[in-house]
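Keeping their order, the protein sequence lines are chains A and B.
Per our numbering, residue 1 is the first one in the first sequence, and the count goes up by one each step.
Per our numbering, residue 1 is the first one in the second sequence, and the count goes up by one each step.
Worth flagging that the hints you see were computed from the coordinates, not collected in a lab.
Cβ coordinates follow ideal geometry from the N, Cα and C atoms, glycine included.
Fair warning: there could be bad hints in the mix.
Each computed DSSO-like pair below joins lysine-lysine, with the alpha-carbon atoms no more than 27 Å apart [to be verified]:
(1) Lys355/B to Lys386/B
(2) Lys338/B to Lys223/B
(3) Lys195/A to Lys355/B
(4) Lys149/B to Lys169/B
(5) Lys223/B to Lys264/B
(6) Lys108/A to Lys386/B
(7) Lys338/B to Lys108/A
(8) Lys338/B to Lys386/B
(9) Lys195/A to Lys386/B
(10) Lys223/B to Lys195/B
(11) Lys169/B to Lys355/B
(12) Lys70/B to Lys149/B
Reference listing, derived: stretches of chain B covered by chain A, where coverage requires no fewer than 3 residues with Cβ under 8 Å from a Cβ of chain A [stated by the list, open to error]:
(13) 361 to 367
(14) 413 to 419
Over 10 Å on every C-beta distance to chain B, these chain A residues come out as not near it, computed from the model [what the hints assert, rightly or not]:
(15) Gln20
(16) Ala22
(17) Ser25
(18) Val28
(19) Lys74
(20) Asp111
(21) Ala130
(22) Ala131
(23) Phe160
(24) Arg171
(25) Pro213
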Amino acid sequence: MSVGGLDIGSRTIALMELEQGAIRSSEVVETTFDPMAQCQMLLADREFDVLVATGYGRHLAQANFADSVITEIKAFGLGCYHYFPGCRTILDIGGQDTKAISLGTGGKVADFQMNDRCAAGTGKFLEVMAAAMELSLEEMGSLAMQTQSEVKVSSMCTVFAESEVTGLIARGIPRPEIARGLHEAICDRAVALLKRVGVEREVVFAGGVARNPCLRSLLEDRLGLSLLVPENPQIVGALGAALSAL
Amino acid sequence: MEDYRQMWSELGLDLEAHDGLLAVLPGIYEDTILSQEGRPEGMSYFDFVFSEIHGLRIKELYDHRKAGGKVVGTFCTYVPEELIIAAGGIYVGLCAGACVADEEAEKYLPRNLCALIKSSLGFKLARVCPYIESCDLLVGETTCDGKKKYFEILNELQPVHVMELPQRKEDSDRRLWREEVGSFVSRLEELTGNKIIEEAVRGAVRIVNDKRRALLRLAELRKSDPPVISGRDALLINQIAFYDDPERLTGKVNELCDELDERKASGTGIAGAVRPRILLSGCPMAIPNWKVPAIIETSGAVVAMDEMCTGIRYSRHLVEDAGDMDGMLDAIADRYLKIDCAVFTPNQERLEHIKELVNDYNIDAVVHHSLQFCDPYTIEAFRIEKEIDVPFLSIETDYSQEDVGQLSTRIEALIEMISSPDRA
Numbered sequence: 001m002s003v004g005g006l007d008i009g010s011r012t013i014a015l016m017e018l019e020q021g022a023i024r025s026s027e028v029v030e031t032t033f034d035p036m037a038q039c040q041m042l043l044a045d046r047e048f049d050v051l052v053a054t055g056y057g058r059h060l061a062q063a064n065f066a067d068s069v070i071t072e073i074k075a076f077g078l079g080c081y082h083y084f085p086g087c088r089t090i091l092d093i094g095g096q097d098t099k100a101i102s103l104g105t106g107g108k109v110a111d112f113q114m115n116d117r118c119a120a121g122t123g124k125f126l127e128v129m130a131a132a133m134e135l136s137l138e139e140m141g142s143l144a145m146q147t148q149s150e151v152k153v154s155s156m157c158t159v160f161a162e163s164e165v166t167g168l169i170a171r172g173i174p175r176p177e178i179a180r181g182l183h184e185a186i187c188d189r190a191v192a193l194l195k196r197v198g199v200e201r202e203v204v205f206a207g208g209v210a211r212n213p214c215l216r217s218l219l220e221d222r223l224g225l226s227l228l229v230p231e232n233p234q235i236v237g238a239l240g241a242a243l244s245a246l
Numbered sequence: 001m002e003d004y005r006q007m008w009s010e011l012g013l014d015l016e017a018h019d020g021l022l023a024v025l026p027g028i029y030e031d032t033i034l035s036q037e038g039r040p041e042g043m044s045y046f047d048f049v050f051s052e053i054h055g056l057r058i059k060e061l062y063d064h065r066k067a068g069g070k071v072v073g074t075f076c077t078y079v080p081e082e083l084i085i086a087a088g089g090i091y092v093g094l095c096a097g098a099c100v101a102d103e104e105a106e107k108y109l110p111r112n113l114c115a116l117i118k119s120s121l122g123f124k125l126a127r128v129c130p131y132i133e134s135c136d137l138l139v140g141e142t143t144c145d146g147k148k149k150y151f152e153i154l155n156e157l158q159p160v161h162v163m164e165l166p167q168r169k170e171d172s173d174r175r176l177w178r179e180e181v182g183s184f185v186s187r188l189e190e191l192t193g194n195k196i197i198e199e200a201v202r203g204a205v206r207i208v209n210d211k212r213r214a215l216l217r218l219a220e221l222r223k224s225d226p227p228v229i230s231g232r233d234a235l236l237i238n239q240i241a242f243y244d245d246p247e248r249l250t251g252k253v254n255e256l257c258d259e260l261d262e263r264k265a266s267g268t269g270i271a272g273a274v275r276p277r278i279l280l281s282g283c284p285m286a287i288p289n290w291k292v293p294a295i296i297e298t299s300g301a302v303v304a305m306d307e308m309c310t311g312i313r314y315s316r317h318l319v320e321d322a323g324d325m326d327g328m329l330d331a332i333a334d335r336y337l338k339i340d341c342a343v344f345t346p347n348q349e350r351l352e353h354i355k356e357l358v359n360d361y362n363i364d365a366v367v368h369h370s371l372q373f374c375d376p377y378t379i380e381a382f383r384i385e386k387e388i389d390v391p392f393l394s395i396e397t398d399y400s401q402e403d404v405g406q407l408s409t410r411i412e413a414l415i416e417m418i419s420s421p422d423r424a
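The following block holds chain A by itself, in its conformation from the complex (with noise of 0.2 Å):
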């Protein structure tokens, strides 16, 4: 039987698809302001007998073309316990969402606490402090990990953190520290997100930012441990989205 899983997210779009159970192929691309047409682009010249979708744009493909929906948080359970059959707790930082998530037996959600409607602690917060500091996302990552001091943003509102950021910059702070300093704002809000649903070992981290490495590292040494990250994080939701249909 042949799976597939769309995971149409605020940045992009993940297709993973499954043969008898077992990985494929899988693809990602930018999720545009057209997700449909791009869903179409990465489905045309596939077969699936049934296919899945998760993330935001979920029910507009199953109105279109997908067979069921699941949300991203089940998914992203389905497809870390996948990777790390150790899974107990999964931070997901996504384009527009970050979820803490526990998982029970067999990668089933146990509880979950997900950000309210702003970006505080997101990947779109990252992107919108790196453009008013005119950098990429890679770059403010890097630049984030060359210093130790860092100064405190407090804001955790994207639109008051940019003022902030605006300010730093006028009073000469060092780009490293400001980019750091904001690194530190995410981590905090990640973690405090973490507690709330509990830590157990093993932590995965997953989704769009968990390829950022300064971020990684800061968490890591704020929980005390390793976090296990999936060698592509954004499929995950897809994988998930997949394996659910099994």
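Position chain B relative to chain A; hints supplied.
Relative to the frame of chain A, chain B by itself:
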């Protein structure tokens, strides 16, 4: 609707803005309420009342005033409806449930304030609420800080009588509240020119008790599984109970309950019979705020019960018949002080009640709804989460639609969690 324009104009409504409001309501109602499958036939009365929300009921208030009667507007379950009836008046609940003229309201109120307060002032400033414009007196109460300060502002536009609600339930608090009930009697007598007499209070107590009994009967029927009525329909009825004629409403709720009794006996439920059962708890949802229950119920669960002011908190306690005038005023004061709003401290009763509902209604998960910036409810949510035995989701939201995507994800994930067959 054309017949009502003269009346709306006399009430001082901004007809153009009001037309705009009336143009969107039927669509929301269709999508959220009428589109549900397997509704009881008895809901047709409530659909009709809603369709005439700014029409027929306003005409009744209008005629009542033309005949010399008074209309009293309230913003809270703590205001004794019995006394308004006993004075020959009509009460109407005025809490608003949609964003209207926020930018106007923000000339007087800060941005970071509960949506209920801000939109209530918005409706007043935009002159689009025929209910508030029909009121001869508004009654406020000192429940939360936001409302207290809001009533100062509102009082400059329309007279507001503020009842001081204590925040504890000690003897001294009871004395204070009893005095407030007495002052309210005087204020109503002054307003209506009618002396509030014992027989009138006794009659009014009966009317309001009957209404509460009917609503409690409805609440009791919601224990049925499969559910005989949706949470949205039950919420709608509770919302309408704040402004419809109480005796007529009682009759219609009882008729509906007769039908629900039959449904229960024959095992007929609303569409999608096997659904996880959610208890919705927290801040009130004023018309047309159906956002959260709509997400819950279109995601495959049912709001099997609610623990809100627009729900069981409104109907839960009856006024005991207690002899003479003083005894009855004592009984009224006591009844209202039993309400377990989160502004009280300590507020153990609410927690105990939630535990009881979880048990009695066979609840699979609790969704706690706080209006953003409502500190008392938002804070109590933490304690409830710790002390109950079923999964719990705490939501902070307002009247806007911008967070519907994220709310859906969280609510669907909760439903996936409790639907999982091998949940620990």
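Checked hints:
1. Lys355/B to Lys386/B: holds, 12 Å
2. Lys338/B to Lys223/B: holds, 23 Å
3. Lys195/A to Lys355/B: holds, 25 Å
4. Lys149/B to Lys169/B: holds, 23 Å
5. Lys223/B to Lys264/B: With a Cα-Cα distance of about 10 Å, the restraint between Lys223/B and Lys264/B holds, given a limit of 27 Å.
6. Lys108/A to Lys386/B: Holds: Lys108/A and Lys386/B sit about 21 Å apart, inside 27 Å.
7. Lys338/B to Lys108/A: With Cα atoms ~41 Å apart, Lys338/B and Lys108/A exceed 27 Å; violated.
8. Lys338/B to Lys386/B: Answer holds: Lys338/B to Lys386/B is near 24 Å, not above 27 Å.
9. Lys195/A to Lys386/B: Holds. Lys195/A to Lys386/B sits at ~14 Å (cutoff 27 Å).
10. Lys223/B to Lys195/B: At roughly 43 Å apart (the allowed maximum being 27 Å), Lys195/B and Lys223/B break the hint.
11. Lys169/B to Lys355/B: Within the cut-off at roughly 21 Å; holds.
12. Lys70/B to Lys149/B: Answer holds: Lys70/B to Lys149/B is near 26 Å, not above 27 Å.
13. 361 to 367: With 0 residues close enough to chain A, the hint is violated.
14. 413 to 419: Holds: 3 residues of the segment 413 to 419 of chain B have a Cβ under 8 Å from chain A.
15. Gln20: holds, 24 Å
16. Ala22: holds, 25 Å
17. Ser25: holds, 27 Å
18. Val28: At about 20 Å from chain B, Val28/A clears the 10 Å cut-off, so the statement holds.
19. Lys74: violated, 5 Å
20. Asp111: violated, 7 Å
21. Ala130: holds, 23 Å
22. Ala131: About 22 Å separates Ala131/A from the closest Cβ of chain B, which puts it past 10 Å; holds.
23. Phe160: Given that every Cβ of chain B is farther than 10 Å from that of Phe160/A, nearest at about 12 Å, it holds.
24. Arg171: holds, 27 Å
25. Pro213: holds, 28 Å
The earlier numbered hints that this structure contradicts are 7, 10, 13, 19, 20.
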